[in-house]
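Chains as they are written, first to last, in the working numbering: chain F, 1 to 115; chain E, 116 to 357; chain V, 358 to 470.
Straight-line alpha carbon distances no greater than 20 Å define the calculated EDC-like cross-link-like pairs of lysine to aspartate or glutamate that follow:
1) V:K415 - F:E40
2) V:K448 - E:D276
3) E:K257 - E:E334
4) V:K448 - E:E334
It should be emphasised that the hints constitute simulated quantities derived from the structure, not laboratory data.
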Amino acid sequence: MLTVRLYMLQRVTALLMAPLVVGHIGVMIYAVQGGLSAAEILGRTQGSVFWFSFYGLFVLAVSVHAAIGLRTILHEVTGLSGRLLMFFTWGTALSLCVLGMRAILAVTFLVRGVS
Amino acid sequence: MNSPIKTRHVAVWRGEGEIGHFETYDVPAYDNQTVLDVVSHIQHYIDPSLSYRFACRVGMCGSCAMMVNGEPRWTCRTHVNKVVGQDVLEIAPLRNLPVIKDLATNMDPFFEKWVKAEAVHHSSSSRDDDMTAVLPNDAERKKADAGIECINCAVCYAACDTVAGNADYLGPAALQRAWTLYNDARDAGKQTILEAVSGVGGCHNCHAQGGCSHYCPSELNPMQAIAGLKQAATRALLKGKL
Amino acid sequence: MIRPHRRHPLFLAFLLHRTSGILLALFLPVHFWVLSLALTDAAAFDEFIRFTDLAVVKLAEGMLVFLLAVHIFGGLRLMALEWLPWTAMQKQLAAGAIALSCFVSITFLLQVI
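So that you can see chain F by itself, here it is in the shape it has in the complex (with noise of 0.2 Å):
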């Protein structure tokens, strides 16, 4: 159930998250060691411009990227088309945005735990 512009959305957000990902384990690589603290995620993250960007994008592509794959898997496995299978995807996309920019400002601009 791809077309050629569903495709092409999928490896561009692709493309855009390759550099992230590799971002993101290199952060992960560094921030645990010698333990996660939350003060130490906060303090990082905290008011920073930066990592709000970084992660906003990271967000943003993977909320496609996810929601154009299990499309397809969905689609292949069970047969799903038509209006159902465009609900599902808008659905993925939209829920895993909204959860993911939450997070990310949860432990940028909005924190209220540990300072």
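Given the coordinates of chain F, work out where chains E and V should sit on it, guided by the hints.
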């Protein structure tokens, strides 16, 4: 002629349409014996009602493909000794196609998709024009040549899991043919082909599992051809031509 | 019924890409929810971060890093297959993507233990 040294148990799919079961036959085993020989023996000497399809017996016509021990193969060129590791021979109709009866499938969907993929000649000149020069060393010609030995046996179509999951998917053979024509100097339908292979069932659905290239009896590489189409379609899309 | 054949290396590469994709997509909402605890329930967020000290959780994190790495490196291989000049070494590249992912996730695990 070799004398039979032993008997081989062969499970053959029997039934009409979707409903069927494996039935076991005892077939004399010879040193040199193809799967098609085994099927023919059953039909000639055990049960004349067995339906199957073959024509040339030398790997040219593409009509005898079946599932042999779960893998799609051209049966006329498949030696039994090569596939019977575990002493079981299981022969079934080609996967991903509706079964008519026993080992004979209805290949209409397979060929209809060739037309849907615009894998048909779009003539670029009339009888009044000079013949188009086909230069064997031309880069495009080489891409076309890579796929022209396809015998339409549908082994790749049966090997493709994307076909199994997505009924609209045009499949490796049709897409490879479209790619061949896309690179043919005599074909005037490049844009038509690109549009046909970029729709809902088009080349972009391929997951590059490579079953087509793995099983193609003519050792062609439909996966590479499909990658070529994806690349051409991407270029066209970026240029605003798709 | 009629059995399919699913043993060739590139099929396994496909299976790994699809499985890792599904698991990552399922993990994402959980990941987002935990992070947003920083906003809604700071104490719970702190508690959850401490929960990651458990060895089992660290192992699971290592698995997630592997899934992410194998999905991205496998995905880059697919895009190279589609858009770069053809190479016949697809099996080797697929194996290389898995090897690289093992390297990355083991590096991660070595940092957490």
